[in-house]
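Peer 1: Residue-level listing of the chains:
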Amino acid sequence: MNALIEVHNLGIAYRQGAQHTQAVTDVSFSLAQGETLAIVGESGSGKTTVANAILGLLPDSAVLTAGRLVVAGQDLSQASERVKRQLRGRTIGLVPQDPMVSLNPTQRIGVQIAEALVLARGGRYRGVDNDVGELLAQVGLDNPTLRARQYPHELSGGMRQRVLIAIALAGNPRLIIADEPTSALDVTVQQRILDHLEGLVRERGISLLIITHDLGVAADRADRVLVMKSGTLVEHGTPQQVLAKPTQPYTRALIAAAPAFAEPRAPRTAAAPGQRPLLALTAVNKHYRLPRVRGQADRFQALADVSFKVCAGQTLGIVGESGSGKSTALRIALGLEKADSGRIEFAEQDVTDFGWRQFRPLRRRMQLVQQNPFAALDPRLSIFDSIVEPLVSFGLARGAELDRAARELIERVHLPAHFLDRLPRELSGGQRQRVAIARALALQPDLLLLDEPVSALDVSVQRQILDLLDELQRELGIAYVIVSHDLAVIANVADEVLVMRQGRIVDQGPTAQLFNHPGNAYTQALLDAVPGKRQRALA
Amino acid sequence: MNRYLLGRVGQALLVLWGAYTITYFILYLLPGDTLSIMLSASGLEVDALSPADLAKARAYYGLDRGLFEQYGHLLWRALHGDFGQSLSLNRPVTALLAERLPQTLTLAGSAIVLSLIGGIGLAYLTAYVRWQPLQSAMARLPSLGFSVPVFWLGLLLIQVFAFGLGWFPATGSQGLDSLVLPAITLAIPSAAVYAQVLQRGFQHVWREPYITTAYAKGLSRAQVQYRHGLKNAALPILTLFGLQVGNTVSGAVLVETIFSRNGVGRLAQEAVLRQDIPVVLAIVAISAAAFVVVNLLVDLLYPMFDPRITHAPRAPSAA
Amino acid sequence: MPSSNAVHNLDRRFGSPSIQRLPATTPSAPLPVEATTPWRRRNRWSRLLSASRPLLRRPGFMLAALVVAFALLAALAPGVLSGFDPNATAPLAKLTAPNATHWFGTDELGRDLYTRVIHGASLSIQAALLAVGLALLGGLSLGVLSGFAGGRVDALIMRVIDVLLALPGLLLALAIVTAIGFGTLPVALAVGVGIIPGFARTTRAEVLRVKTLPYVEAARLGGASWLQTLWRHILPNAWGPVAVLATLDFGAAILATAGLSFLGFGAAPPAPEWGTLIATGRHFLITAPWVALLPGAFVVAVVFSLNHLARTLEEIKR
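Residue numbers (our numbering), protein chains in the order written: chain A, 1 to 539; chain B, 1 to 319; chain C, 1 to 318.
What you were told as hints is all true, and nothing was included just to trick you.
No farther apart than 25 Å at their CA atoms in a straight line, the calculated lysine to any residue pairs in the SDA-like style are these:
no., chain 1, residue 1, chain 2, residue 2
1, C, Lys-211, A, Arg-331
2, A, Lys-229, A, Lys-245
3, C, Lys-211, C, Ser-141
4, C, Lys-317, B, Pro-236
5, C, Lys-317, B, Leu-144
6, A, Lys-245, A, Glu-42
7, A, Lys-338, C, Arg-209
Since the hints were made in silico from the structure, they are not lab data. Remember, predicted model here, so these are calculated numbers, not experimental data.
In isolation and in its complexed conformation, chain A is listed as follows (with noise of 0.2 Å):
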């Protein structure tokens, strides 16, 4: 059978002045027409340059090194511009990555995918509004004229999505590329979103290409799975195969660090019914003021009558979509917001009405750690700088006590002490949140806030990061709150979780309560949603 795109011993390096820098290695595949074949990867595994090398979208410092490269019984590894450029469109679409940028802002919606569906026929044609309209019905957008005349920055994130696979499927292509189809949305949106992709792919005998960091997508959604690791092929085989019997090790520690397959933890010491909370939030209410545009509400209710409580040493999750309101929970624990009504206590203070100056004492018992790892650290600040900046704040300690407290916080998160001296630039994602955890810690606090601590980072150093998590609260016996929209990681981590939905708590309990009895129609969703759960179903 002919197949719709063979590699043979590919090898892909790029060039940096006189560096060569290997990407791909020796990798060798075959997707046949109307198969999905899904390569999974970290970052740095190659993934990316093969999906590019397929499209012909290499940059110009990419030089093919060895091997045969062949779409559609064209040889890639020799062909021109020109050839390649006939393939893109019309017998290769690509679904972009992240759906908020990759559409042309000052253009109607309309306009874009017009174009896709002219450079396909080769010229403009009568009914090409018509198709266009038809076309954004398919992909499931309602009331198509209305959404083909308006911008992009109108539409939701899903929409865009939408409108992309839109383009993709305007030159009737036979093979359609998704990059990175989970990361950018909401889970329950994305599942939508890919089930009715996988319904149009299968209709029309198109074959897919799923790039993933994400085991759990990879597993659920393709016939085949390759693996990558550092630019070669790591495994190969259905997804039953890789899951159930994997031959390499790092295919097994990728198993094993995706929280999709892990069980969901056993609180370790109940929390003793008489304590009091350390943190407890009461009927909270918190609004926010919208401009005024015609057509739309003037408010937006970020929390309603919320309310909940962490204990010593206890880790309370909480989950939710994009506009659940647990970041705001967070920040106004926190004291950078104000609520409009409700009573917020910690450590048996009400802190309600606490203004700056008041809250002072009681942040060396309260520290946050933040979303984004990679702006949390002040560049021009050396490590050491950044860990003991607290203890400078305060006071605390000076000179050689400073010192030391710098080495022993930069051992306790598992760095070596010579890291002290570097640029946040230095260090990698993981290791820059290492470092805001152990900043974190300088006071000593009795309970951490974490926003989205892992999002940020590649699997495999997800579970690093949840390890030192867990570990540090077995000795230093610290209460966490960690918000995440990711199920699979609150699983893990959490004692008691917190589900909520458009500012309100739609369902709270144990974890293992939790997970195997939804109490709620939308923690069920949310449930089903995670990638993986065929698989384990299976299993």
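Starting from the known structure of chain A, arrange chains B and C on it as the hints suggest.
Peer 2: What follows is chains B and C alone, placed relative to chain A:
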């Protein structure tokens, strides 16, 4: 929308009023003795006059009133189009301006058109070229453009094209040929700025994800640059255009001096040499008005180019 | 063990919390202070030095730096670069073309043009330095105040900046010069005031950008006061684009002061300000073009080098 329009117009008027007031205070307050300046501008010596004559002169120039009264009086007349009398030329300032303004407007207008074409064209080509050495060289050109003193450039062009090759006249205000060299001279610094900004814009846009989407549709590089790159990269130029009005006016003063053109710019230079305060005040007021009007137009037209900007009332934090 | 002592010291300082923590297990015995992996605290200067080493390999940068250094030397110690007297007239040798003795030729009074250009450097560069210094002072304070305070203060300051922007630079300078008289100092002041809006806006934009970054929030949560945050985080991270702008505006200030002296508002003759040199040379354009063109070429070289330095700095930072 109407409320927004009124708000912006109000703001513009406020700025204009502020500009007039500041200039007034500089001209009437900073100097030690305004009277002697005005007298010497009219050709009289302060010491040669008797106290009685001095008092008459003071009344004549309106300097005997209180500070704010004098200011109010001048502002009131200015709003009615009367900018007073030129001290050195003894003619109404408004008449002088009316005579000289068309020249300057033609010069400025042609310079603006040339600078837009030149600047945008250069940056577009720079982004189009793929051969690294040529691209680096072209990327340096705008920098050269605003390193050059505009008056020196005029002299150089006169030397080469007027005296050397004889293609264009060196001076004069008549006819199309006398417009060419001055317009080019005035256009170059602005063109350099546009080119620089657009270059940066292209560099930024080339890295945007929607460019990859465009490529994935099967467009060629030239098509992507034109259809998706240009509009997005050129957005900052619109705002810049408004700001460049000031530079064009400043440049006009120098260019008109070099090429001996009868415009408002040269009038300004002569007025400063003779310390002719009313003329200087009037010219600065008119330039400020031009700046304010152009920027107001740019602000109102911006949503046409960038659909993300609407004229909904913004949150107070946006300035 | 020393390390855990440090921990205990801190504990004693702020007392034990009223809520009982779960018993903490002590970590395994840490290494003694004289650790096996010593780390040197590289201070900021050595880091800066190692960052600037690759710059030495760029020919364009070195050339530009040389030109600027030459100009600065001319400004500070003109005598070093030329033996002639800038004011010594020699009517017999007037308007001679550039040759071995007179590198730039002579002007209409027989003075050596090269020497006059060198001596003019001190006037023009001093004026430009004064102008940029004034603008930095005014612009930085306004920008920081505006960006930091926000709200009404911000709006008010931005209106003032808008008003200053509405007055074209040269015309504002003309007004100031009309009022306080001609000379190098008034020219420098006038140019400085015209540059203030640019600095104010850039500083404000940077302060606003940095103010909302997570690490500033982390510092505040770590107990830093607004003043400490401003000093430690906001200012050091905001000064980058301002430094680039300062270098660019230094060149622009040279051009602006030259323009004003060209129009006749600078220091009185025989002061060899660059603009004045070009203005007098203008009259001899047909017969002796070098009198006007060579000083200008020198100015172009200096300003272009400054722009090149600024652009390289900007590229390095990215």
